[in-house]
Each structure stands twice: as structure tokens, then as C-alpha cells.
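Each chain is listed here by its residues.
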Amino acid sequence: MHKLIRNLHLFLGLFLCLFVLTYAVSSLQIAYPGWFSSSPTSTEQTFVISPDSVSTPRALAKELMDHHGLRGRLGEIKNTNDGLEFEIARTGTYSKIRYNTETGQVDIRTRANDFPGMLRAIHFSTAGVQTGYWLKNLWGLFTVLVSIALILLGGTGIYLWFHNHTERLTGTILLAVSLAWGGTLTVLLLIA
Amino acid sequence: MKLTANQWIKKVHTYLGLVNLTILLIFGIVGLSASFLKPPSERERAEPEVRNIDYVAPGDLSDRALVDHAFEALDIPLTQPAPDWSIHRDDQNYLGFRLPTPAKRHDIVVFENESRLQVTTTTLDIWDALFRMHELTLNHAAPDWRTQLWALYIEVSIWSLILMVASGILLWLTSRPKLRWAQLSFAAGIISFIALWAFSR
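Heads up: the protein sequence lines correspond to chains A and B, in order.
For the first sequence, the working numbering puts the final residue at 908, and the numbers step up evenly by one.
For the second sequence, the working numbering puts the final residue at 1364, and the numbers step up evenly by one.
Everything labelled a hint here was simulated from the structure, so no lab data went into it.
For every residue, glycine included, the Cβ atom is placed at its ideal position computed from N, Cα and C.
Possibly wrong hints are sitting among the right ones.
Interface residues of chain B toward chain A, partial, derived using beta-carbon atoms under 7 Å [what the hints assert, rightly or not]:
hint: 1; residue: Thr1300
hint: 2; residue: Phe1349
hint: 3; residue: Ala1351
hint: 4; residue: Ile1354
Each pair of labels, with its calculated beta carbon distance range [as the list claims (entries may be wrong)]:
hint: 5; chain 1: B; residue 1: Leu1166; chain 2: A; residue 2: Ile864; range: 12 to 22 Å
hint: 6; chain 1: A; residue 1: Trp751; chain 2: B; residue 2: Ala1329; range: 45 to 55 Å
hint: 7; chain 1: A; residue 1: Asp830; chain 2: B; residue 2: Ile1354; range: 20 to 30 Å
hint: 8; chain 1: A; residue 1: Arg787; chain 2: B; residue 2: Glu1205; range: 40 to 50 Å
hint: 9; chain 1: A; residue 1: Asp823; chain 2: B; residue 2: Asp1231; range: 12 to 22 Å
hint: 10; chain 1: A; residue 1: Thr819; chain 2: B; residue 2: Ala1329; range: 55 to 65 Å
hint: 11; chain 1: B; residue 1: His1303; chain 2: A; residue 2: Pro767; range: 44 to 54 Å
hint: 12; chain 1: A; residue 1: Thr762; chain 2: B; residue 2: Ala1329; range: 26 to 36 Å
Make the full structure from the sequences, and use the hints.
Now the structure itself:
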């Protein structure tokens, strides 16, 4: 049993270490934005797609994805004075599309995050495993795995510590600090 | 007794894990709830509680100054001055603002001519509250001692996560580096991450 728990702790930790590190470093970015400079690159494209060839907004989005290199999840479609606008986004890259239904002009503004921005995007936008876009679903799957892993690593870690008899006293004090600090404050913040 | 490098690393790894146990469990729960629950705006909310409080607004104040004055008069626990984005005038020109706390949302309207404040308090569900708590860092926390201590715990946990990852990898490399399943797990995780990143670019 001890060997099984020890291996589970090790394998799980090693498998997800880069994902956990991403969450930790992006948390620092969110807490201290001044420490990390991030400059996304923006590109703009304009071309015409005849209104006759796209009967619905979804058909237009499909056309853009199939023939104009856009990839991602189709966002909410909004009507504008001269047509419609929507977003096609994947983790770290966001394209805003405006379509003029009279002239068929398509304006696309794409913002792609750099390395620090990408870390933050992973932290913010990967929850959900049924978003309608396979890549976002996969990121979401790893968010679920990391979440489960944090709970399992905590549980297996407690088991492994408890079986290490030389660390019982110090460990008990530290665990008590964790429960008192975290647990008490959780309750205080929830009821205030 | 002199400890080896491996024993030191193990000690650090274990201690960090124990101190951060509560917060790591909360991070896990927040990740799961954010993944599987509907967004907070689509979930059922408790009926807001509305109360009126006598308040005499000083004249000749800007909207920001009036909001700050009302905020101090209200003295609601765990709040900090209203964020700029929440300050607005409604269609009848009444000044409104929001004071969020981890578990509640206080929407305030200043009725200057009636000398009162209307406070609408919405209690968030536990999942939303935990989500907000997991975002609280020292830079963003209200000055209240409870939020400050909590934010400190979050900050400790962020640094600890980085150290736990580093010490965990070192522990593996200094104890059982040739363990085939460990090598495969590590490689599979790295490859998965790089592949997802590359496909996302």
C-alpha cells in the first residue's frame, strides 16, 4: 500500500508538474503585473466574402475557419448597424470579426499573446471541458486533471508524511497551522 | 545527525505541503467547480436583501468623493473603496456603486435628496465565494485583517507551489531517477503541455 501511494504521488506530480508550474507562475503575473512585461501582437486583415455565398453567420465563421486560417471557438454573434460581429478565440489568440452584410467586407483584428500572456490565458480561459472547440476542451481536461491532482497529491502527501515517524511532531504543528490559518479564515470570510 | 541533500529536500517538500494543504484543496475544488458548474450569472442566487440607511451627503463632492464618503459611513466588513468600474449614474441620475467581498456583493445607491443609502446585499453561493477567495492576493485584498491574512496565505501558497514542483523534481532525481514509470510520467506531461501550447499558437 505504502509503495502504491508513494508511486501515485510521484507519477501524478511528475505528469502535471509543468501545468502546476504554469498556474503558479501565472498567479504571480496576476498578483504582480508589473513584474512581467507582456506585449501581444496585433494583426489586421480585410477582404471581401460575397453575402451570396454565406447564408448565415455560422456559415461565414465556417468559411473563415476553412479558408482564411482562423481557428477556435465561435463566440456570441451580435448584430451591428451595418452587419454583424463575433469573436473566434482559442487559448491565447483572439480574433474579432466584423462583417458588412451589404458589401461583404470582412475586417479581422487578431491579438496573439506572447509567452507571459499565454501563461495568463491558460490560467484564465481553460476551465470547461465542453466548450465546442477541441483544443480548448483539451486544456479544460488538463485543468480538471490538475484540480483532481492537487486534491490527490494533498491526500497522498498526508499519508506519506504520517508514515514518516521522524517528522510527526513538526509535521503535526505545520498541519495544525495550515488548518487553523486556512480553515478558520475560510469560515470567517464566508460568514462576514 | 547530518542530513543528506535528499533528506533536506524531502523535509522542505513535506513541510511546504503540510502548510499549504488547506489552500491546495481549495485550489482543487475551485478548478473543478469552474470546470463543471454553470457560470455564476447562470446559477440560482439567493434573494438579495435590501435595507435603507440614513445618510446625509455632504454637498459639492465629486461622484468619486461622494462614493468614498458613503463607503466610510457604511463601514461594511471586508470591503475596500469601490472600484472605479462600479461607479455609475442610473437613468434617474442616482449615484450607484458596488462593494464586493469574497462571499457577498453590496450594491449601493445614494439617494441624496432623501438622505438615505439603499444597500442591496447578494450572498454568493459557496463556489463563487471560494472562486473569489482564490483570487485574493495582497495587492488586491481589502485592508481588513481577515482578508490580509488570507491574501498572505494565498501568496505563500503561490511561492510554495513553485518550490514544491522544484523540490519534487529534485527529490525524484536524487532518489529514483531510473524509475521507468516516473520517467514516462514526466515525459508524457511535458510532451502534452508542449503539444497543447504548439497547437494553440
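For each hint, the structure was consulted:
1. Annotation: interface hint on Thr1300/B holds; nearest CB of chain A at approximately 4 Å, less than 7 Å.
2. With a least beta-carbon distance of about 4 Å to chain A, the hint placing Phe1349/B at the interface is held under the 7 Å criterion.
3. This hint holds: Ala1351/B has a C-beta 6 Å from the nearest C-beta of chain A, less than the 7 Å allowed.
4. Nearest Cβ of chain A to the Cβ of Ile1354/B: about 10 Å, over the 7 Å cut. The hint is violated.
5. Between Leu1166/B and Ile864/A the CB atoms are about 33 Å apart, so this pair departs from the stated range of 12 to 22 Å.
6. The hint said 45 to 55 Å for the Cβ distance between Trp751/A and Ala1329/B, and at roughly 19 Å that hint is violated.
7. The hint said 20 to 30 Å for the Cβ distance between Asp830/A and Ile1354/B, and at roughly 23 Å that hint holds.
8. Distance hint check: the CB atoms of Arg787/A and Glu1205/B are about 27 Å apart, inconsistent with the given range 40 to 50 Å.
9. A hinted range of 12 to 22 Å for the beta carbons of Asp823/A and Asp1231/B is inconsistent with their spacing of about 42 Å.
10. Checking the proposed 55 to 65 Å range against Thr819/A and Ala1329/B shows it holds: the Cβ atoms sit about 57 Å from each other.
11. His1303/B and Pro767/A have their C-beta atoms about 47 Å apart, which keeps the hinted 44 to 54 Å range intact.
12. In this structure, Thr762/A and Ala1329/B break the distance hint of 26 to 36 Å, their C-beta atoms being roughly 48 Å apart.
Comparing the model with each numbered hint stated earlier shows that hints 4, 5, 6, 8, 9, 12 do not hold.
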